[in-house]
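Put together the whole structure using the sequences plus the hints.
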Amino acid sequence: MDNKDKTNNIKILRDEYGITQKNLGEVVGMSQQAIGKMETGKRRIPDDILRKLSDYFHVSTDFILNRTTSRTTIDVNNEIKKLIYENYSTLSEMQNFTLDEQRFIIQMIVNLKKLRK
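So the sequence shown is numbered by numbering that gives the first Met the number 0: it starts at 0 and just counts up by one.
Treat the hints as calculated values from the structure; they're not laboratory data. Since we're looking at a predicted model, the values are computed, not measured. One should not assume that every hint holds.
As the list claims (entries may be wrong) - When the alpha-carbon atoms are kept at most 20 angstroms apart in a straight line, the in silico DMTMM-like pairs for lysine to aspartate or glutamate are as follows:
1) 10 <-> 54
2) 21 <-> 47
3) 81 <-> 100
4) 51 <-> 15
5) 10 <-> 46
6) 36 <-> 15
7) 41 <-> 85
8) 10 <-> 47
9) 10 <-> 61
10) 51 <-> 38
11) 113 <-> 92
12) 81 <-> 61
13) 21 <-> 61
14) 51 <-> 14
15) 112 <-> 100
16) 41 <-> 61
17) 36 <-> 61
18) 81 <-> 92
19) 36 <-> 14
20) 10 <-> 25
21) 51 <-> 61
22) 81 <-> 38
Unchecked claim - Just the calculated beta-carbon pair ranges, DEER-fashion:
23) 69 <-> 17: 18 to 24 angstroms
24) 50 <-> 107: 26 to 32 angstroms
25) 106 <-> 43: 15 to 21 angstroms
26) 28 <-> 107: 35 to 41 angstroms
Just so it is clear, CB atoms sit at the ideal spot from N, CA and C, and this is done for glycine as well.
Below, the structure is given as structure tokens:
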């Protein structure tokens with residue numbers, strides 16, 4: 000995946016929030032030009048800026064880097080505990096699944112909840 004593909008969600012998020020490159024630069028401590036270069040893939044996103052963008056837009060760093068279409072990360076352990084507590088009889092077998100299977104199941108449940116709203 001080239002650098003442009005990894006960074007194209009910055010502009011999408013900025014547009015959704017209705018802010019300019021200059022405004023975003025002020026939020027994360029960078030110039031308008033630096034933001035523009037990151038959006039076009041001409042500049043790598045420094046790790047500290049990536050975290051600031053993630054916090055500001057309330058999305059995962061993986062979403063910003065276009066590694067996933069899911070905007071948030073899931074704390075698997077807390078979600079499993081909550082689901083097991085709420086639905087013990089249905090989910091008591093959850094512990095028999097691999098971590099990847101657990102993540103998949105939780106993501107499916109989260110997505111279904113979003114669809115119902």
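(request) Check each numbered hint against the structure and report the violated ones by number, ascending. (result) Checked against the structure, the hints that fail are numbers 7, 11, 12, 13, 22, 25, while the rest are satisfied.
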